[in-house]
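Protein chains: 2
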Amino acid sequence: MMKGMILDRYFRAANYLSAAQLYLLDNPLLERPLADGDIKKKIVGHWGTVPGQNFVYTHLSNAVNKYNQDFILISGPGHGGNFFVSNAYIEGTYTEIYKDVTRDKSGLVKLFKQFSFPLGISSHVAPEVPGSMHEGGELGYSLAHAFGAVLDNPNLIAAVIVGDGEAETGPLSTSWWGNKFLNKEKDGKVLPILHLNGYKISNPTILARITKEERKKYFEGMGYEVIEIEVGKGGIFPDHKRMASAIDTAMKLFERGKNPVIILKSPKGWTSPIENTFKAHQVPLERHQIDEIEKWLRSYRPEELFNPDGSFQKDILDFCPKGDRRISANKVTFGGIRYLPLELPKVSNFAVDIQNDTLPKQDMLILSAYIAEIMKLNPNNFRFFSPDEAMSNRLYKPFEVTKRNWQEELRPTDESLSRDGRIMDSMLSEHMCEGMLEGYLLTGRHGFFATYESFARVVDSMLFQHAKWLHQTKQLKWRTPLPCLNLILTSHCWQQDHNGYTHQEPGLVSAMLNFSADIVSAYYPPDANTLLFTMEKCLQGKDKINLITASKHPSPQLFCCKEAELAVKKGYYIYKDEPTADVVLIACGDTPVKECLEAIKIVPNKRVKFIIVLDINIVATLKFNVPTIFVFHGYTNLIKALNPNFTYYLGYQEEGAITTALDMRILNGIDRFSIAELIAPELQSKMQKKKSEHKKHIGVFGIDKF
Amino acid sequence: MMKGMILDRYFRAANYLSAAQLYLLDNPLLERPLADGDIKKKIVGHWGTVPGQNFVYTHLSNAVNKYNQDFILISGPGHGGNFFVSNAYIEGTYTEIYKDVTRDKSGLVKLFKQFSFPLGISSHVAPEVPGSMHEGGELGYSLAHAFGAVLDNPNLIAAVIVGDGEAETGPLSTSWWGNKFLNKEKDGKVLPILHLNGYKISNPTILARITKEERKKYFEGMGYEVIEIEVGKGGIFPDHKRMASAIDTAMKLFERGKNPVIILKSPKGWTSPIENTFKAHQVPLERHQIDEIEKWLRSYRPEELFNPDGSFQKDILDFCPKGDRRISANKVTFGGIRYLPLELPKVSNFAVDIQNDTLPKQDMLILSAYIAEIMKLNPNNFRFFSPDEAMSNRLYKPFEVTKRNWQEELRPTDESLSRDGRIMDSMLSEHMCEGMLEGYLLTGRHGFFATYESFARVVDSMLFQHAKWLHQTKQLKWRTPLPCLNLILTSHCWQQDHNGYTHQEPGLVSAMLNFSADIVSAYYPPDANTLLFTMEKCLQGKDKINLITASKHPSPQLFCCKEAELAVKKGYYIYKDEPTADVVLIACGDTPVKECLEAIKIVPNKRVKFIIVLDINIVATLKFNVPTIFVFHGYTNLIKALNPNFTYYLGYQEEGAITTALDMRILNGIDRFSIAELIAPELQSKMQKKKSEHKKHIGVFGIDKF
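Protein chains in written order, with the numbering used here: chain A, 92 to 797; chain B, 92 to 797.
Please keep in mind that the hints were generated in silico from the structure rather than gathered at the bench.
This structure is a prediction, so every number in the text was calculated from the model and none was measured.
Honestly, I wouldn't trust all of these hints.
[What the hints assert, rightly or not] Okay, the calculated beta carbon distance ranges per label pair:
| id | chain 1 | residue 1 | chain 2 | residue 2 | range |
| --- | --- | --- | --- | --- | --- |
| 1 | B | 566 | A | 432 | 52 to 62 Å |
| 2 | A | 451 | B | 568 | 39 to 49 Å |
| 3 | A | 451 | B | 159 | 57 to 67 Å |
| 4 | B | 383 | A | 448 | 33 to 43 Å |
| 5 | B | 502 | A | 304 | 35 to 45 Å |
| 6 | A | 276 | B | 386 | 47 to 57 Å |
| 7 | A | 321 | B | 304 | 25 to 35 Å |
| 8 | A | 716 | B | 773 | 31 to 41 Å |
| 9 | A | 654 | B | 608 | 36 to 46 Å |
Idealized CB from N, CA, C, for every residue including glycine.
Construct the complete structure from the given sequences, taking the supplied hints into account.
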């Protein structure tokens, strides 16, 4: 049989299954004329992008065989999940996982019915789909996920179908630059396939309306070799030839160390009765158009593709790659199946000896030595990501082990850059840091993203979507647990000076904690030793998002190694116990803790119990029968929601002035004097005097320290 | 005097003032050798980007005069605010606003001291700086702000200095495409100036390391004509000639309807002792290097620029544009000074007559007729923005008044696109929608952004930074109030079916309400008439961010026009009063309201008081002495924080299944049966039966309606 013939037959099978998923409840092989009862009551789904994606899948499977090469496929478009399900079903992976969806007529009925159906499967590529490590829905992260997936995976090619709608988002637009950060020997390759089908929901796409010459320039400008082909105009056999040749060219370019991009121009709604208009975005035919639906489905000639029992004809099965080489069965995408355990050094080797060293320490700098050792012990499965802030955030020590990754020109005025650097700090994009880290974790490796607390908000929605992914994949037994997504929030709101008000925003934790504690944790280690143990805990965890707020400026140290270990384990620490205390003082966050420590010195004769909270999820469990003051790093709304039983809630307020860090605490009322006054109201006039003395000096002290 | 001479003199003056702001406390004209006491104790600020930005400012001022043309300048880089302050001071605007910063030696001392100093002014371009409508800090929105500012401002050119670091962010990367949405006659022009100074904080920039040829292709691909110049290598006079000529070329290209981009390659830290390395990012010299600081400051030859009293020499003042033409005094950037009042039609003309028309209605569709009329009445100062979702969100009627804006090729398969369309719906980027709307509002016009509730999270941080802008500008009397930023959140979490779990995320409101009520309001109108009055209120407001959650699917209507007006005015509505009620039921959000209405029908004999909350900010004021059930649209944490006094808090939970809307309500426990059971515990077994009957049918009902 001619090669084009089997490509066409596989492609028709995938298209038939995809269209049937939209419409059919029964009569899966069209053995009889289509009747009203064979069709779903409400047709919900998207066809526009599906045939183009089936076309790509067909040719990637072909390339897996031809080049004996591992491919994974990341589908960027928001919808059209039926395409991926169809291919996983043809390849057999779907039935291996969902055993009731058998490879016969009754299985076909189940396959078709469940799609975009209540309690069935979603209309986009979701975690339930084998072979997918990327969910449709919120657009823009497909390329970033791919770049993250191939880091330290030298034998892998991640093909990415980028929708031309998705390509207009900010995150996707900057993701193309990811090619500047892949090492030719140590990392795999990314093959972006821009799917130019011309329309979004109801508008044309920008990339489809600029000229072919402009598209070429745009991508060449970003360092790609452009292979643009158009299909759907002059017969399907020439189309297959064009695409096979495009992939051959791409493979040759990879061999020469180049970065290919394939631009695949295909009609929106290709092979359906409605082509080349935005109206093909969802379903080309309504349910009452039964004759047209039947005609369309029959145009794929299912009788040539299936045996009478509903199984596939042999040549189609023979065409599919085998075992783990099947794109839908590639274990790289199955979560932690290829999980490489992380070797962690003993935390105690890095802990501050607070008995013998009483100097203030920079918590992040102490942490950085631990991170450096982890990088040394795990040269192929641990990375950290940062938007040009690693040095600002005091992550100095890893630079003694490795350098920053940079594949463009190197100059003598550069520092700490190299081709094989493992620190991902050279691109100023929170979206790329977060997206590449997700791609790295989703393929079973480990790492963290360290950034300014305020600007972590930039990737707020990405974190939420990752939490949703975890919420779903935890219920899928065939996916193994993932390493945690760890986010270090530093340069935080209490440590700004000249950066001022734009850099003060502690709200990410509040937003993320709408998610339940089994997915999201937030930690506030108040010193270096607790930060070390917190990091250890987060790196050992699975299937969670951990938000760690940490101090970077010199600051007194509180816990010896042993106490720190205990405090992190319990999530809180009773720093000063007084069984008959009049007042309970609780602090969470490095700045509140240190102000509270000063406050309890001012009120020596009062019986105050002082508790330090490190893990926000224990807040709900705290209850005392005396007045309780909670001093929080962030917005008090969160604490009020978690525990309504406290007497006073102090925390960050919108001040807006440019001040010293100490001024900020006074203006926000979380300073030692305000806290002392709450504990001991009889000190009020004395404390007010202290505060007003301080306020007179605001702007004179310069940048203060604790 | 030669032209180059005065350009050089002005440039030197701006650089001198900028460097002096970093270092000096006294000795402002260097009339004596620099002494230790003349220098700030802690030097905090950034020099790297400053001279290049002064260079641009110099040449834009020159162009204002030469072309008799209004320019505003948006400074994208995160830091270097001293540059803008310096120019505003030379032009006199600064002293007009801050009268104590006089144009003499004592004023210079104040000017220098306040910069990046506690309770002084911030180190980036902040709202306090006249001429700025864009704050440094969170990067990536400069171009989007500029594109928004020039819409309906045909005589304006918005020049934008885009930092080469900022250019790596997602939002900025896609902003270049904004050129596809400016009408040649009705809108102004954007002149992007990519400031290629080669380094970020400690890494090189991508755009500076790719080849000149690649840069040209990249921008040509996006439809720009590239003018790349390099300065700082062969003498300052040729540099000025190059830049003046680049601007002349840009002006010629504008005349021909082209989109120029100027790429200005200048050494990082230009004119300082440290050039061309990332080490020039912050301060090139430390405070102890007094001799070098003095030498550097003297290199600008202040004695040639100032008169002995500290005023500027006449030729420098003569060079400055006059009055409102000064870039720092251009009223476009002063908030609402050029505020065009919005003409609003009577809401009652659009209200549903619920007495005579009892059919379900689509709230968003009813709203769309009101919006259409506003667009008709305000053809030059009202727009709405949407990421290809206007139709999906039922904003149909404005398409009868105008079309979508699209400047690329038009094809017969397109619908509702035109060159002069005023609906900004054609670019799939939440960042661009939000950024352009901000630019439009910041220049005194009106509008809203309508989007899927879930994906509004994508611009979470932008909204927060805009709230911070408002928090600050409200305190600046010389800035007049701004029209509100109105966000319509629709296709919300209770109205998903096939889109499923990724599209369910009601948390934006929770995150934003960490801000105080004087800046952020959240409204939950439960039907069309209340939605209309809510929109009217939001469009009439000033200096706020309004979040409006609205239903788009057919749904029963509740309020007649008069009741709706009252309900919106009060923020709540007592739907069923019972002075001796056993239970108070409160609902907020269209779905909770409708389920509660069904629930109170099930418990007819119970004495239930039922209150509908429309304005979230009144939640804190509600207190009853009987058990109270609060049923909320979003996450209950928010309601718990606002009011801890209720007995039950029901709301959205992370379900994760694909279900019908009714199934979702059952699974989340906000259905009529669950609510009835809470009101009347004696109904428990009956309600449990109803629920389990329903659950049996889950997946059978198809897409249900209320």
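Evaluated hints:
1. B/566 / A/432: 52 to 62 Å: The hinted range 52 to 62 Å holds for residue 566 of chain B and residue 432 of chain A, with Cβ atoms some 55 Å apart.
2. A/451 / B/568: 39 to 49 Å: holds (42 Å)
3. A/451 / B/159: 57 to 67 Å: holds (59 Å)
4. B/383 / A/448: 33 to 43 Å: Given a distance of about 36 Å, which is inside 33 to 43 Å, the answer is holds.
5. B/502 / A/304: 35 to 45 Å: About 18 Å separates the Cβ atoms of residue 502 of chain B and residue 304 of chain A, which means 35 to 45 Å is violated.
6. A/276 / B/386: 47 to 57 Å: Given about 48 Å between the Cβ atoms, the range holds.
7. A/321 / B/304: 25 to 35 Å: Once the Cβ atoms are compared, 27 Å apart, the range 25 to 35 Å for residue 304 of chain B and residue 321 of chain A holds.
8. A/716 / B/773: 31 to 41 Å: Hint holds: Cβ distance 35 Å, inside 31 to 41 Å.
9. A/654 / B/608: 36 to 46 Å: 42 Å Cβ-Cβ, so the 36 to 46 Å window holds.
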